[in-house]
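Asks: Could you put together the complete structure from these sequences and hints?
For the record, the sequence lines run as chains A and B.
Take 108 as the starting number for the first sequence in our numbering and just add one per residue.
Take 5 as the starting number for the second sequence in our numbering and just add one per residue.
If you're looking for bench data, these hints aren't it; they were derived computationally from the structure.
Think of the CB as a built atom: it goes at the ideal place given N, C-alpha and C, for glycine as much as any other residue.
Incorrect hints may appear among the rest.
SDA-like mimics (lysine to any residue), calculated; alpha carbons at most 20 Å apart, straight line [said to hold, decoys possible]: (1) K249(A) to A364(A); (2) K195(A) to F322(B); (3) K222(A) to A266(B); (4) K195(A) to G318(B); (5) K268(A) to H291(A); (6) K222(A) to I211(A); (7) K268(A) to S138(A); (8) K195(A) to V293(A); (9) K222(A) to G265(B); (10) K268(A) to S281(A); (11) K222(A) to P379(B); (12) K195(A) to M321(B); (13) K249(A) to V120(A); (14) K222(A) to M370(B); (15) K249(A) to L357(A); (16) K195(A) to G329(B); (17) K222(A) to N377(B); (18) K195(A) to R418(B); (19) K195(A) to A258(A); (20) K222(A) to G306(B); (21) K195(A) to N219(B); (22) K222(A) to Q309(B); (23) K195(A) to A323(B); (24) K268(A) to A258(A); (25) K222(A) to S262(B); (26) K195(A) to L297(B); (27) K222(A) to A378(B); (28) K249(A) to S115(A); (29) K249(A) to S138(A); (30) K222(A) to R418(B); (31) K222(A) to S302(B); (32) K222(A) to C371(B); (33) K249(A) to P236(A); (34) K222(A) to E380(B); (35) K195(A) to I317(B).
Only some residues are given here: those of chain B computed to face chain A with a beta carbon under 10 Å [said to hold, decoys possible]: (36) G145; (37) V148; (38) Q309.
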Amino acid sequence: MLEIVLISSLNGVLFGMLLFLMASGLTVIFSMMGVLNFAHASFYMLGAFFGFEISRHVGFWPGLVVAPVLVGMIGMLVERYGLRTVHKHGHVAELLFTFGLTFIIQELVQMIWGKLAVDYRVPPILDFPAFTIFSTEYPAYKIFELLTAIAIFLALLLVIKRTRIGLVVQASLSHPEMVGMLGHNVDRVFMLVFGVGAGLAAVAGVIAGPALVTQSNMAHSLGPILFVVVVVGGLGSLGGAFIASLLIGLLQTFAVASNASLADAFGELTGTGPLAAYLGDIWNVTVAQLSAVMPYLLLVLILIFRPRGLMGTRET
Amino acid sequence: MSDMTHTRPAGPPSGGGGFVATYGVWILAAIVLALLPQVFSSGLLISTMCLMGIMIIFALSYNMLLGQTGLLSFGHAVFFGLGGYLTAHAMNAARAAHAPLPLEVFPLAGGATGLVFGLIFGAVATRRSGTAFAMITLGIGELVSSSALLLHHVFGGEEGISLDRTRALHLFGVTFGPQEQVYYLIAGWGFISAAAMYAITRTPFGRICNAVRDNPDRASFIGYDTTTVRFIAFAMAGLFAGIAGGLVALNFEIVTSSAMGAAQSGTVVLMTFIGGVGNFAGPIIGAILVTYLQVMLSDITGAWQLYFGLLFIGMVMFAPTGIAGLLAMQAPLVRAGQFHRVLPWYVLALAPGLVALAGLSLVIEMCFQLTVNAPEGPQMSLAGIAFNATSPVPWLVAGVLMIAGFWGFRIAGRRALDAYGSALEAIRSPRSAQ
Numbered sequence: 108m109l110e111i112v113l114i115s116s117l118n119g120v121l122f123g124m125l126l127f128l129m130a131s132g133l134t135v136i137f138s139m140m141g142v143l144n145f146a147h148a149s150f151y152m153l154g155a156f157f158g159f160e161i162s163r164h165v166g167f168w169p170g171l172v173v174a175p176v177l178v179g180m181i182g183m184l185v186e187r188y189g190l191r192t193v194h195k196h197g198h199v200a201e202l203l204f205t206f207g208l209t210f211i212i213q214e215l216v217q218m219i220w221g222k223l224a225v226d227y228r229v230p231p232i233l234d235f236p237a238f239t240i241f242s243t244e245y246p247a248y249k250i251f252e253l254l255t256a257i258a259i260f261l262a263l264l265l266v267i268k269r270t271r272i273g274l275v276v277q278a279s280l281s282h283p284e285m286v287g288m289l290g291h292n293v294d295r296v297f298m299l300v301f302g303v304g305a306g307l308a309a310v311a312g313v314i315a316g317p318a319l320v321t322q323s324n325m326a327h328s329l330g331p332i333l334f335v336v337v338v339v340g341g342l343g344s345l346g347g348a349f350i351a352s353l354l355i356g357l358l359q360t361f362a363v364a365s366n367a368s369l370a371d372a373f374g375e376l377t378g379t380g381p382l383a384a385y386l387g388d389i390w391n392v393t394v395a396q397l398s399a400v401m402p403y404l405l406l407v408l409i410l411i412f413r414p415r416g417l418m419g420t421r422e423t
Numbered sequence: 005m006s007d008m009t010h011t012r013p014a015g016p017p018s019g020g021g022g023f024v025a026t027y028g029v030w031i032l033a034a035i036v037l038a039l040l041p042q043v044f045s046s047g048l049l050i051s052t053m054c055l056m057g058i059m060i061i062f063a064l065s066y067n068m069l070l071g072q073t074g075l076l077s078f079g080h081a082v083f084f085g086l087g088g089y090l091t092a093h094a095m096n097a098a099r100a101a102h103a104p105l106p107l108e109v110f111p112l113a114g115g116a117t118g119l120v121f122g123l124i125f126g127a128v129a130t131r132r133s134g135t136a137f138a139m140i141t142l143g144i145g146e147l148v149s150s151s152a153l154l155l156h157h158v159f160g161g162e163e164g165i166s167l168d169r170t171r172a173l174h175l176f177g178v179t180f181g182p183q184e185q186v187y188y189l190i191a192g193w194g195f196i197s198a199a200a201m202y203a204i205t206r207t208p209f210g211r212i213c214n215a216v217r218d219n220p221d222r223a224s225f226i227g228y229d230t231t232t233v234r235f236i237a238f239a240m241a242g243l244f245a246g247i248a249g250g251l252v253a254l255n256f257e258i259v260t261s262s263a264m265g266a267a268q269s270g271t272v273v274l275m276t277f278i279g280g281v282g283n284f285a286g287p288i289i290g291a292i293l294v295t296y297l298q299v300m301l302s303d304i305t306g307a308w309q310l311y312f313g314l315l316f317i318g319m320v321m322f323a324p325t326g327i328a329g330l331l332a333m334q335a336p337l338v339r340a341g342q343f344h345r346v347l348p349w350y351v352l353a354l355a356p357g358l359v360a361l362a363g364l365s366l367v368i369e370m371c372f373q374l375t376v377n378a379p380e381g382p383q384m385s386l387a388g389i390a391f392n393a394t395s396p397v398p399w400l401v402a403g404v405l406m407i408a409g410f411w412g413f414r415i416a417g418r419r420a421l422d423a424y425g426s427a428l429e430a431i432r433s434p435r436s437a438q
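Replies: This is the structure we're talking about:
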């Protein structure tokens with residue numbers, strides 16, 4: 108039991124930190140530009156595939172640096188030549204633009220790397236068990252992922268709280284017009300933030316790629332969870348996104364480890380007939396099976412009881 | 005398609021006029037719908053038209069949200085899929101109980117399901133609008149489609165729920181065995197649904213929906229609760245999506261969880277937007293075009309979804325009013341008899357545009373050949389010309405086509421816009437109006 112709790116906590120924090128790497132970019136972009144970037148998870152996927160391609164030719168470590176930079180540049184291009192063109196048509200058009208982008212990125216990735224999972228390996232230098240708890244070996248690579256995510260988180264915090272750029276970004280979150288009035292090039296700030304956000308998502312992709320499965324549906328399976336994080340945390344709140352990321356990370360990993368169902372708790376359902384069969388379905392669903400649904404259940408519950416999210420301040 | 009051009013003028017409110025002016029379009033649409041299977045009688049065309057009819061209802065119901073009320077939903081297929089499932093269950097239950105119900109009424113089961121779930125999910129989702137609403141509907145869509153795999157008895161797991169549409173009460177000897185009879189069922193329900201949805205846009209409620217879309221603050225100042233208006237619109241959109249879902253269940257005689265998946269929700273967004281959200285006929289055009297492309301393009305090229313995404317992005321960036329919007333832009337010119345002045349410019353812009361498109365599709369097809377079709381080797385043919393995808397010549401040709409075509413399109417496109425502007429100016433200026 109203790110073993111499960113320890114391992115699940117570690118994995119949950121790890122997944123949560125990965126989610127936060129992506130959600131941070133997403134939520135900052137949303138606060139500044141009012142556009143929720145649908146393609147954010149696609150940048151994560153691009154990061155993983157770029158990292159894979161680079162690791163095949165040069166090695167894992169160059170990929171860790173080059174892939175996010177490349178994806179960040181793609182992000183800036185998308186902002187400069189795509190979103191800015193669409194901006195005049197309103198937020199719905201912006202949202203639809205990024206939505207269409209997910210289609211194109213997914214199709215391109217499928218065209219280049221195929222639909223099957225690619226063989227993205229953990230670098231040999233990290234391919235050993237870090238420690239053993241109760242007969243379970245914990246891979247060193249996961250510790251590396253965790254440390255990288257925490258390091259980036261701290262760096263992000265420092266940049267936002269302690270530097271002039273961070274000051275401008277923070278000001279643009281709440282008062283974009285005023286920042287423009289004060290003579291800052293808000294457009295360039297937007298482009299930079301979009302690029303950095305895409306790059307952060309790509310970092311998450313590069314480090315998560317070898318541990319999870321790198322395939323062309325990874326954006327589609329992660330994207331909705333990302334939006335849940337951002338809405339649950341409160342649209343536009345970095346702190347909320349952090350808490351929501353950890354919450355959902357822990358929730359999902361703990362759920363996967365549990366095999367309990369209503370049948371375990373209250374005994375098998377007796378009775379025959381179609382109604383009993385339908386009820387039996389619900390009765391026998393295990394918590395592990397529910398883990399995929401849990402983020403969405405959380406979303407609905409949050410919206411009913413706290414519509415602006417955990418730490419959100421705005422209503423829209 | 006022929007019925008597209010006939011239903012188009014239904015869009016802008018015609019205002020006044022006699023019986024023929026008010027209902028002429030609908031009578032014409034009914035005649036066209038009735039005659040279509042006689043003109044296009046091949047099996048493939050009839051089943052394609054069945055699918056188009058269903059998608060028209062689905063896209064129109066979606067436009068009640070996006071176009072009329074300004075609500076961008078990414079989970080609309082939930083009602084489509086649930087409507088399909090409940091119709092299938094209703095069919096099977098009626099068959100088991102030997103209930104004397106004709107097949108014609110079963111889409112109502114789907115509609116009722118859509119309405120009920122629209123009320124349930126709408127209560128949660130319509131508390132917010134804008135981006136948050138979009139995210140919530142996305143979450144609801146994921147929630148429902150992932151529960152579909154958990155609850156085996158309701159959703160039938162991977163295999164889905166199948167039914168037999170011929171085992172219902174036969175009215176007037178109609179068995180619904182042949183696809184043509186199913187076509188008439190779909191056409192009938194499609195006509196009724198489209199007329200009902202059009203009628204809703206003309207009611208005070210429809211107008212208030214538009215007000216909530218355009219200026220929610222003002223709508224609430226004059227005493228309307230915007231949440232309630234969104235809620236009602238959401239539930240009604242669910243109702244019609246449910247009818248479409250019921251028809252799709254009867255058409256394919258099987259419902260699987262993919263009917264309510266994210267891909268289906270995405271398709272309806274694409275259809276509606278490509279057709280045009282600002283015009284009642286937009287979703288109809290979009291549904292017909294997108295379904296046609298899905299059926300035909302997927303035969304021609306493996307990369308059809310990429311073309312689709314590019315078309316969608318292109319529309320969002322350069323023609324956000326959709327095809328119907330572009331057509332509606334020409335209406336004042338046609339009415340004033342000035343259309344001939346701009347038509348040559350359009351043709352002039354279209355030609356380099358097609359050249360650029362040919363270059364682009366050459367690149368896409370060669371990439372596709374070298375990656376996905378790699379086992380077949382680099383030899384390929386496009387438009388009847390055989391060539392080797394690894395040799396630099398076709399790439400060079402494609403590059404030249406793309407650059408030259410794009411360059412020509414930009415110049416000619418600007419000219420066409422100027423011509424349109426000056427033609428419009430000529431109509432509006434008081435001198436020519438007299």
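Asks: Hint by hint, note whether the structure agrees.
Replies: A quick look at each hint next to the structure:
Distance check on the hinted pair: K249(A) and A364(A) sit about 18 Å apart at the alpha-carbon level, within 20 Å; holds. For the hint pairing K195(A) with F322(B), the CA-to-CA distance comes to about 11 Å; that is within 20 Å, so the pair holds. Between the alpha carbons of K222(A) and A266(B) the distance comes to roughly 18 Å, so the proposed pair stays at or under 20 Å and holds. At most 20 Å may separate the alpha-carbon atoms for a hinted pair to count; K195(A) and G318(B) meet this at roughly 15 Å.
Under the criterion of a C-alpha separation no larger than 20 Å, the hint pairing K268(A) with H291(A) is consistent with the structure, at around 18 Å. Under the criterion of a C-alpha separation no larger than 20 Å, the hint pairing K222(A) with I211(A) is consistent with the structure, at around 14 Å. With a C-alpha separation of about 16 Å, the suggested pair K268(A) and S138(A) falls inside the 20 Å cut-off, and the hint holds. Using a Cα cut-off of 20 Å, the hinted pair K195(A) and V293(A) holds, with the two alpha carbons roughly 16 Å apart.
Using a Cα cut-off of 20 Å, the hinted pair K222(A) and G265(B) holds, with the two alpha carbons roughly 19 Å apart. Proposed proximity of K268(A) and S281(A) is supported: the alpha carbons are some 15 Å apart, at most 20 Å. Restraint check for K222(A) and P379(B): the C-alpha separation of about 15 Å stays at or below 20 Å, so the hint holds. A C-alpha spacing of about 10 Å is found between K195(A) and M321(B), which places the hinted pair at or below 20 Å, so the restraint holds.
For the given pair, K249(A) sits about 11 Å from V120(A) by alpha-carbon distance, which is consistent with the 20 Å threshold. With a C-alpha separation of about 18 Å, the suggested pair K222(A) and M370(B) falls inside the 20 Å cut-off, and the hint holds. Annotation: proposed proximity of K249(A) to L357(A) holds, straight-line Cα distance about 15 Å (limit 20 Å). Taking the CA atoms of K195(A) and G329(B), the gap is near 17 Å; set against the 20 Å cutoff, the hint holds.
Only pairs whose Cα atoms come within 20 Å are accepted, and K222(A) paired with N377(B) is accepted, the gap being roughly 13 Å. At most 20 Å may separate the alpha-carbon atoms for a hinted pair to count; K195(A) and R418(B) meet this at roughly 19 Å. Annotation: proposed proximity of K195(A) to A258(A) is violated, straight-line Cα distance about 38 Å (limit 20 Å). Simply put, K222(A) and G306(B) have alpha-carbon atoms about 13 Å apart, close enough for the 20 Å limit, and the pair holds.
Taken as a hint, the K195(A) and N219(B) pair is honoured in the structure, with Cα atoms around 17 Å apart against an allowance of 20 Å. At most 20 Å may separate the alpha-carbon atoms for a hinted pair to count; K222(A) and Q309(B) meet this at roughly 14 Å. Note on K195(A) and A323(B): the hinted pairing holds, with a Cα-Cα distance of about 12 Å set against a maximum of 20 Å. This hinted pair checks out: K268(A) and A258(A) have alpha carbons roughly 15 Å apart, not beyond 20 Å.
Restraint check for K222(A) and S262(B): the C-alpha separation of about 18 Å stays at or below 20 Å, so the hint holds. Of the supplied pair hints, the one linking K195(A) and L297(B) is violated, its CA atoms being roughly 29 Å apart against a limit of 20 Å. As the CA atoms of K222(A) and A378(B) are separated by approximately 14 Å, the hinted pair is consistent with the 20 Å bound. As the CA atoms of K249(A) and S115(A) are separated by approximately 12 Å, the hinted pair is consistent with the 20 Å bound.
A threshold of 20 Å between alpha carbons decides the hint, and for K249(A) with S138(A) the separation of about 31 Å lies outside it, so the pair is violated. For the hint pairing K222(A) with R418(B), the CA-to-CA distance comes to about 41 Å; that exceeds 20 Å, so the pair is violated. Proximity of K222(A) to S302(B) is assessed by CA-CA distance (about 17 Å); at most 20 Å being required, the pair is judged to hold. Our distance criterion of 20 Å between C-alpha atoms is met by K222(A) and C371(B), whose separation comes to about 15 Å.
With a C-alpha separation of about 10 Å, the suggested pair K249(A) and P236(A) falls inside the 20 Å cut-off, and the hint holds. Taken as a hint, the K222(A) and E380(B) pair is honoured in the structure, with Cα atoms around 17 Å apart against an allowance of 20 Å. With a C-alpha separation of about 15 Å, the suggested pair K195(A) and I317(B) falls inside the 20 Å cut-off, and the hint holds. The beta carbon of G145(B) comes within 8 Å of a beta carbon in chain A, closer than 10 Å, and the hint placing it at the interface holds.
Taking 10 Å as the C-beta contact cut-off toward chain A, the hint placing V148(B) at the interface holds, the least distance being around 9 Å. Contact between Q309(B) and chain A, as hinted, is supported at the beta carbon level, the nearest pair being about 5 Å apart and thus within 10 Å.
Violation of the numbered hints given earlier is confined to hints 19, 26, 29 and 30; the remaining hints are satisfied by the structure.
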